[in-house]
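**Student:** With the sequences and hints as input, model every part of the structure.
Here is how the chains run, residue by residue.
2 protein chains.
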Amino acid sequence: MGQTIFIPRETDANEQRVAASPDTVKRLVGFGFDVVVETGAGAGSRIIDEDFTKAGARIGKAADAAKADVVLKVRRPSEAELKGYKSGAAVLAIMDPYGNDAALAAMAKAGVTGFAMELMPRITRAQVMDVLSSQANLAGYQAVIDAAYEYDRALPMMMTAAGTVPAAKTFIMGVGVAGLQAIATARRLGAVVTATDVRPAVKEQVASLGAKFIAVEDEEFKQAETAGGYAKEMSKEYQAKQAALTADHIAKQDIVITTALIPGRPAPKLISAAMVASMRPGSVIVDLAVERGGNVDGAVPGKVVTTANGVKIVGHLNVPGRVAASASLLYAKNLFAFLETMIDKEAKALKINRDDELVKATMLTDGGAVVHPQFAKAAEPT
Amino acid sequence: MGQTIFIPRETDANEQRVAASPDTVKRLVGFGFDVVVETGAGAGSRIIDEDFTKAGARIGKAADAAKADVVLKVRRPSEAELKGYKSGAAVLAIMDPYGNDAALAAMAKAGVTGFAMELMPRITRAQVMDVLSSQANLAGYQAVIDAAYEYDRALPMMMTAAGTVPAAKTFIMGVGVAGLQAIATARRLGAVVTATDVRPAVKEQVASLGAKFIAVEDEEFKQAETAGGYAKEMSKEYQAKQAALTADHIAKQDIVITTALIPGRPAPKLISAAMVASMRPGSVIVDLAVERGGNVDGAVPGKVVTTANGVKIVGHLNVPGRVAASASLLYAKNLFAFLETMIDKEAKALKINRDDELVKATMLTDGGAVVHPQFAKAAEPT
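Just so you know, the sequences run in chain order A and B. When the letters of the first sequence are read in order and numbered with our numbering, they come out as residues 1 to 382. When the letters of the second sequence are read in order and numbered with our numbering, they come out as residues 1001 to 1382.
Incorrect hints may appear among the rest.
[Claimed, not checked] PhoX-like, lysine-lysine: derived pairs with alpha carbons at most 25 angstroms apart: (1) Lys1269/B to Lys1067/B; (2) Lys26/A to Lys1252/B; (3) Lys312/A to Lys1303/B.
[Stated by the list, open to error] A few chain A residues that face chain B, going by a derived Cβ cut-off under 7 angstroms, partial list only: (4) Tyr141; (5) Met159; (6) Thr160; (7) Ala162; (8) Leu189; (9) Val192; (10) Ser208; (11) Gly210; (12) Phe213; (13) Gly282; (14) Ala325.
Since the hints were made in silico from the structure, they are not lab data. Please read all numbers here as calculations on a predicted model, not as lab measurements. Ideal placement from N, C-alpha and C gives every residue a C-beta, glycine not left out.
**Tutor:** Quick look at the structure:
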């Protein structure tokens, strides 16, 4: 009998996603694994139990985690969940490791080998495993849909017999994967789109999507692109100059979408209360960084706030989870692609190569300890 | 001193629109009228009192209606409102006259000359006064935004490193102004769009927007186009054939938007409970006819209903009012264009030519009686 892979139903109330799809289940079964899916695990993503059984899985219950050699999850397991896992089990999830030392220590104590999918290096080989990209792409799309939903005008210019409705001026702050998809989606809907980022390289990408790039383009800006493709934190001076330019720009916008994140740090504040106050009534701001402290002054996680001057600030939680049926399919594929590299197909069993660069980059806990160099120190006994 | 035009704040809780814009106010003031706008009348459409005063209006209160020679409204005045109007005043609004004989009688009794903007003939001269078109256009746009908001996947096809998200299959039933804009908006968002209508002429329009036409194209279909551009009610036989074809098609759709209305009649039922049950969980239906009885079995006015099989049926009220800031600007322009034809610019006063075809087509009540041929009989004392 083969090893067991377990896919639980996520326990977080805001989590509609699931860590497997019928497609990935079928492939894992094909490798010789017993795949057990907790009943209802796919319900929030429009995958019914029967879809999983057709793919070769068995439908089980939460307690089946105890037999699993591999657990595939969306979110980091809670302490309660960890109690039900077998020591030595591999757990793959979005682990949210920064600032959560106690949770990592609990994972180590449970004896599981935990992998943080969001630490996957951004190299060609790992592109298919990049959960940040696959989920941010959908978040960028949904941010524009959410903005259009809250906005009290049409986004496209409409020329009618009774006059012309002007196109919505839309400004995207932070042009990573989410920002690029937000630009593309707003452009699809006919908005006039501008965008900004601290990295000069994206200027060309922004232009290629039909949007205009807005930034203080000084020396620091030109040197700011980092190897990892992430934005580094800019100097106070640069931030002040950029803030002045964007403050002026924001006052003229109908819709602003912010997507700026710095790994392991709180999200940078991009929009002050004064900037919000400068906007016209009916304008909409979507803060995709709201779960990381927020880019926007006054954004409230999980709420749509209307300010005194009539500006709506949208702070939805788990935005990829708002298009869960799409997000789960891509996330499941990301997990599968990484897990596949750790499967010994002859032995039909998990075989983790601890020298592999993907394993080294993502492995948080192993053999009872926090092993990841970035997090091991914080977890040392004090 | 000139005549007075009054623009009240709408009293219906679901009505965010207003019957004037700063632009139309400015023009009316330019004709020599005193324009009085009730305080807060534009608040739901993002027009503040100051915008109206800058355009030359005076801000007043509801009681100022008593002095008005012309009242511009969005919805038919209630009996309470009519009590505050001067006998002989002209009232322009969307009067919703069908099946509302008591309300028309009350309007007659109040002595006002009431014009139903939705009865405007669809001729070239009156295009700029066509409130059905201007508002349906925005409703068609918003229907797609509302569908995308409720839908748990992305609409466009997305090709990513982790696989392809398929485009949403979207079906538009009823291709008038709303349907055409729904097709255009769904296409903008990257959906795969099909559409149907009982009129053969729209087949070409559908194709020109990049969508595919779905219909039983028999003799009756070919003869079904009416002079007014509206759909006439089709035979029971045709409806059965068309229902069989669409039933098959609907079962494969992700999003369906229905827009079928027949003036003066309840909306035709296009989607049965069985058809809803045939759709996959997560599918979304938007019923734009929900206020007229609905095209969809199970649609509830003002609600988003989720069926037992996980289909969402969206029945928002007053969909143009969901993009009120755009809708009011166009509606105000429609009203202005019609009112302008009834203004004697020398005398700087209203001068209604009761022989004008636009006046004859829209005038419901005059001189204490219901005068419109379509409604006069119902209002006769019994």
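**Student:** Does each hint hold? Answer for all of them.
**Tutor:** Now for the hints, and whether the structure bears them out:
1. The suggested pairing of Lys1269/B with Lys1067/B is violated, with an alpha-carbon distance near 45 angstroms, which exceeds 25 angstroms.
2. Distance check on the hinted pair: Lys26/A and Lys1252/B sit about 24 angstroms apart at the alpha-carbon level, within 25 angstroms; holds.
3. Simply put, Lys312/A and Lys1303/B have alpha-carbon atoms about 22 angstroms apart, close enough for the 25 angstroms limit, and the pair holds.
4. With its C-beta approaching chain B no nearer than about 5 angstroms, Tyr141/A sits inside the 7 angstroms limit, and its interface hint holds.
5. With a cut of 7 angstroms, the hint placing Met159/A at the interface with chain B is violated, because the nearest CB-to-CB distance is about 10 angstroms.
6. At a threshold of 7 angstroms, the smallest CB-CB gap from Thr160/A to chain B is about 6 angstroms, leaving the interface hint in force.
7. Proximity of Ala162/A to chain B holds as hinted, the smallest CB-CB distance being about 4 angstroms (cut-off 7 angstroms).
8. A cut of 7 angstroms between beta carbons decides the hint on Leu189/A: the least distance to chain B is about 6 angstroms, and the hint holds.
9. The interface hint given for Val192/A is broken, as the beta carbon of that residue sits about 14 angstroms from the closest beta carbon of chain B, more than 7 angstroms.
10. The criterion of a C-beta within 7 angstroms of any C-beta in chain B is not met by Ser208/A, whose closest approach is roughly 16 angstroms, and the hint is violated.
11. Interface restraint check: Gly210/A against chain B, minimum CB-CB distance 13 angstroms, threshold 7 angstroms, status violated.
12. About 23 angstroms separates the beta-carbon of Phe213/A from the nearest beta-carbon of chain B, more than 7 angstroms, and the hint is not met.
13. For Gly282/A, the interface hint holds, since its Cβ comes within 7 angstroms of a Cβ in chain B; the closest pair sits about 4 angstroms apart.
14. Among the interface hints, the one on Ala325/A holds; its C-beta lies about 4 angstroms from the nearest C-beta in chain B, closer than the 7 angstroms criterion.
When each numbered hint is compared with the structure, violations occur for hints 1, 5, 9, 10, 11 and 12.
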